[in-house]
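Asker: Read off the chains here:
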Amino acid sequence: MVVIQRVVKATTRKGKKVLIKKEPQVNEGPKRALFLQGRRSSDKLRRLTKDLFDIKKPDAQLLNKKNDITIFEDATPVERFCRKFETPLFVMSSHSKKRPDNLVIGRMYNYSLLDMIELHVENIECMREFACQKIVLGTKPSLVFNGPTWEETEELKHLKSLFIDIFHREEVESVRLQGLEHTISFTATPEGKILIRSFNVLMKKSGTRVPRLELEEMGPRIDLTLRRSKLPSEDLMKEALRKPKELKVTKKKNISVDGLGTTHGRIHVGKQEIQKIQTRKMKGLKKTPEEIKMKRAAKRSADNNNVNKIKKQKLG
Amino acid sequence: MDVVKDVLEKSAKEADKYKSVEVNKLIDIDVGALLAIDSNPLDSKALRSSPNDYLLKLTRDNVQLMYNQIWELPTERIEEAIVVKLPKPKYSLPRAKPVPKPRSLTKWEQFAKAKGIVKKKRTKLTWDDQLKKWIPLYGFKRAAAQKEKDWVLEVPQNANPMEDQFAKKVEAKSERVAKNELQRLHNIAKAKHVKIPRFGLTNPDVSSAKELQAAVTVAKSSTASLGKFQEKLPKEKEARGVGAITPGATRKRKLPPVSGSDEKTQNLNIVETVLNKRPKIDMEKAVARHMNDEQLQRSEEKKGERPKRLRKSHGSSTGGGGRKKPKNSNRPRKVLYSLELRVYFYLFI
Numbered sequence: 001m002v003v004i005q006r007v008v009k010a011t012t013r014k015g016k017k018v019l020i021k022k023e024p025q026v027n028e029g030p031k032r033a034l035f036l037q038g039r040r041s042s043d044k045l046r047r048l049t050k051d052l053f054d055i056k057k058p059d060a061q062l063l064n065k066k067n068d069i070t071i072f073e074d075a076t077p078v079e080r081f082c083r084k085f086e087t088p089l090f091v092m093s094s095h096s097k098k099r100p101d102n103l104v105i106g107r108m109y110n111y112s113l114l115d116m117i118e119l120h121v122e123n124i125e126c127m128r129e130f131a132c133q134k135i136v137l138g139t140k141p142s143l144v145f146n147g148p149t150w151e152e153t154e155e156l157k158h159l160k161s162l163f164i165d166i167f168h169r170e171e172v173e174s175v176r177l178q179g180l181e182h183t184i185s186f187t188a189t190p191e192g193k194i195l196i197r198s199f200n201v202l203m204k205k206s207g208t209r210v211p212r213l214e215l216e217e218m219g220p221r222i223d224l225t226l227r228r229s230k231l232p233s234e235d236l237m238k239e240a241l242r243k244p245k246e247l248k249v250t251k252k253k254n255i256s257v258d259g260l261g262t263t264h265g266r267i268h269v270g271k272q273e274i275q276k277i278q279t280r281k282m283k284g285l286k287k288t289p290e291e292i293k294m295k296r297a298a299k300r301s302a303d304n305n306n307v308n309k310i311k312k313q314k315l316g
Numbered sequence: 001m002d003v004v005k006d007v008l009e010k011s012a013k014e015a016d017k018y019k020s021v022e023v024n025k026l027i028d029i030d031v032g033a034l035l036a037i038d039s040n041p042l043d044s045k046a047l048r049s050s051p052n053d054y055l056l057k058l059t060r061d062n063v064q065l066m067y068n069q070i071w072e073l074p075t076e077r078i079e080e081a082i083v084v085k086l087p088k089p090k091y092s093l094p095r096a097k098p099v100p101k102p103r104s105l106t107k108w109e110q111f112a113k114a115k116g117i118v119k120k121k122r123t124k125l126t127w128d129d130q131l132k133k134w135i136p137l138y139g140f141k142r143a144a145a146q147k148e149k150d151w152v153l154e155v156p157q158n159a160n161p162m163e164d165q166f167a168k169k170v171e172a173k174s175e176r177v178a179k180n181e182l183q184r185l186h187n188i189a190k191a192k193h194v195k196i197p198r199f200g201l202t203n204p205d206v207s208s209a210k211e212l213q214a215a216v217t218v219a220k221s222s223t224a225s226l227g228k229f230q231e232k233l234p235k236e237k238e239a240r241g242v243g244a245i246t247p248g249a250t251r252k253r254k255l256p257p258v259s260g261s262d263e264k265t266q267n268l269n270i271v272e273t274v275l276n277k278r279p280k281i282d283m284e285k286a287v288a289r290h291m292n293d294e295q296l297q298r299s300e301e302k303k304g305e306r307p308k309r310l311r312k313s314h315g316s317s318t319g320g321g322g323r324k325k326p327k328n329s330n331r332p333r334k335v336l337y338s339l340e341l342r343v344y345f346y347l348f349i
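Quick mapping for you: the protein sequence lines, in order, are chains V and G.
So the first sequence is numbered by the working numbering: it starts at 1 and just counts up by one.
So the second sequence is numbered by the working numbering: it starts at 1 and just counts up by one.
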């Protein structure tokens, strides 16, 4: 006999809400990031993890214990962590003789690994070493990518996508003009190094409406190099990039705006039956019954004549 | 003319005081995502000599360009804050979870959609003419109001006068509730794509004997003659508790036999079953016990063969080598033994 799978239902209302939250939604909120350690961690990595966690708060989870995970061999422990804490992004730091100061950043799709890239942290200067005012927690930063190499290799393209995913926080519809305080710049040098700088944006007066910007370096200064990477297959990436139908903007057809700003619309009217149009009745012009009879008789004789003509043509 | 010239000079001087916001560059800006991508080649000399200053200057120019574009967007004023409305981002990021599938409509929802029935909310309090007051239709204090209304129930014309109308009402309600619950579970199963048979047991693997018996009884009675002509196993009994829905199947006592010979054969059968009771044999246990006995016998024989001096050391230990002695070896088990042997032989034929 076929074993029927049991339907698991939540017993409490709170439990039901938790289950609903875990289900896929049309509009996803900010992606949470998980910061974890591998077999061993170095001082540099610890400071870097703390800084990144501070930037990413409140959408971040920091795990302090060491884990025996070799992610490029088997990513299932990380997948399990990400399912438990509901974090599609993860940043794993590990230090070994073969791979010192190692940082792996990656993301999940549907609780399984989508892509991950391994980086070597060459140099870091913490936020504490910069003596200036920091930003308010939770501001959305503007991201700048410098260098032509970002578009050249597949690895760097994915790395750019990963950086944007981690730092951009959330898709927003409107932004407060005074709140655009934070900027992060990612530079890919021709030698293969990636330099991350984080700035505080100060708006100064200028002659025009737009303020003159001055940047002040405030955040961690990170120098990275690429190591290994695991990129997703084409169709998996395509499926992950798919947008739900509800978000698709349906264009209104037959409406156009010309150069002067006037909106033009096209209305398609169906075919009109001119004979059946209801016009105003004028009783005086109505045909009397005799007139209708006469008209009918005339029509019949005309038809007969035509038929005779055709007959004659056929015979003759 | 002089006045005009003066004013213009003044404004030019003021403008000179401030630094310009113009940047001469061409970069890719996605305003919706606050993202700027500068594909212009980098100055490697500056990168080597003073990277941080160069990066600061470079980033400042790019961010200035982006902010110039942002300031051109339409603005709103929401509670003392000037807010700018961003367009949709052009850069697409992968989702965390797949696109949700729209949940399927329940049977009622489909019907309502087809018929065009629209949900209308009913007010909670309705006027009741009998009690001459406002009673709630559902929720708090509804049950009490209904109880007040039901202080007397009419016995309808065509009903049995001995019937308990109150009990009937309670039973009807419980049946409605059960039906609603069943339909709700069917809807849930349909939504989760779990296949459930329309009638009968949902999972025979975990059903108890009683449930299986009830299912068999119901199935047997689902014939045109209500199960009267269905064959039955000799000792099979119908299930209890399903009498209401299976009018054909009864657990009635059989009437006493009509003829004397029938009565005689019945009574003799009873006597035989009582006297000729044979003990039930657990085959596996019997075989295992027999094999154990055989091993013990062999070990005893071997002990007898060995020289006398070794026997002394073995004298104290009882169950040496993990060999167990049977519990009641002196019990008369002659009859069982023969049966076990027979079983043992049959196993090997």
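Hint data in this document are derived by calculation from the structure and do not stem from the laboratory.
Since this is a predicted model, take the numbers as computed values, not measurements.
Built from N, CA and C at the ideal position, the CB exists for glycine as well.
Heads up, a few of these hints could be off.
DSSO-like mimics (lysine-lysine), calculated; alpha carbons at most 27 Å apart, straight line [unchecked claim]: (1) V/Lys-84 / V/Lys-276; (2) V/Lys-17 / G/Lys-101; (3) G/Lys-97 / V/Lys-57; (4) V/Lys-57 / G/Lys-85; (5) G/Lys-101 / G/Lys-173.
DEER-style ranges, computed between Cβ atoms [stated by the list, open to error]: (6) G/Lys-19 / V/Ser-96: 32 to 38 Å; (7) G/Lys-113 / V/Lys-50: 27 to 33 Å; (8) V/Glu-173 / G/Lys-113: 28 to 34 Å; (9) G/Glu-80 / V/Phe-53: 30 to 36 Å; (10) G/Gln-165 / V/Thr-12: 36 to 42 Å; (11) V/Lys-50 / G/Arg-142: 33 to 39 Å; (12) G/Ser-92 / V/Lys-50: 27 to 33 Å; (13) G/Pro-247 / V/Lys-84: 42 to 48 Å; (14) G/Lys-19 / V/Glu-86: 56 to 62 Å; (15) G/Val-3 / V/Glu-152: 47 to 53 Å; (16) V/Lys-157 / G/Arg-77: 37 to 43 Å; (17) V/Ser-96 / G/Thr-106: 34 to 40 Å; (18) G/Thr-223 / V/Glu-86: 40 to 46 Å; (19) G/Thr-123 / V/Glu-173: 35 to 41 Å.
Sample of chain V residues at the chain G side, in silico, Cβ under 10 Å [stated by the list, open to error]: (20) Phe-85; (21) Lys-134; (22) Leu-137; (23) Pro-141.
Asker: Are the Cα atoms of G/Lys-101 and G/Lys-173 separated by 27 Å or less?
Answerer: violated (37 Å)
Asker: Between G/Lys-113 and V/Lys-50, is the Cβ distance one that fits in 27 to 33 Å?
Answerer: Given a distance of about 55 Å, which is not inside 27 to 33 Å, the answer is violated.
Asker: Between the alpha carbons of V/Lys-84 and V/Lys-276, is the straight-line distance 27 Å or under?
Answerer: Violated: V/Lys-84 and V/Lys-276 sit about 72 Å apart, past 27 Å.
Asker: Holds or violated: the 33 to 39 Å window for the beta-carbon distance between V/Lys-50 and G/Arg-142?
Answerer: Violated, at about 59 Å.
Asker: Do the Cβ positions of G/Glu-80 and V/Phe-53 conform to the proposed distance bound of 30 to 36 Å?
Answerer: holds (33 Å)
Asker: Has the hinted range 28 to 34 Å been met by the Cβ atoms of V/Glu-173 and G/Lys-113?
Answerer: Roughly 32 Å apart at Cβ, these two residues keep to the hinted range, so it holds.
Asker: Between G/Lys-97 and V/Lys-57, is the straight-line Cα distance small enough, at 27 Å or below?
Answerer: holds (22 Å)
Asker: Given a hinted range of 34 to 40 Å, is it respected by the beta-carbon distance of V/Ser-96 and G/Thr-106?
Answerer: Once the Cβ atoms are compared, 56 Å apart, the range 34 to 40 Å for G/Thr-106 and V/Ser-96 is violated.
Asker: When you take the CB atoms of G/Thr-223 and V/Glu-86, is the distance between them in 40 to 46 Å?
Answerer: violated (55 Å)
Asker: Let me know if the C-beta of V/Leu-137 comes in closer than 10 Å to any C-beta of chain G, holds or violated.
Answerer: violated (18 Å)
Asker: Does the beta carbon distance between G/Pro-247 and V/Lys-84 stay inside 42 to 48 Å, or does it fall outside?
Answerer: Cβ of G/Pro-247 to Cβ of V/Lys-84: about 56 Å, so the range 42 to 48 Å is violated.
Asker: Does the beta carbon distance between G/Thr-123 and V/Glu-173 stay inside 35 to 41 Å, or does it fall outside?
Answerer: With a Cβ separation near 38 Å, G/Thr-123 and V/Glu-173 satisfy 35 to 41 Å, so the hint holds.
Hint check: violations occur at hints 1, 5, 6, 7, 11, 13, 14, 15, 17, 18, 20, 21, 22; the rest are consistent with the structure.
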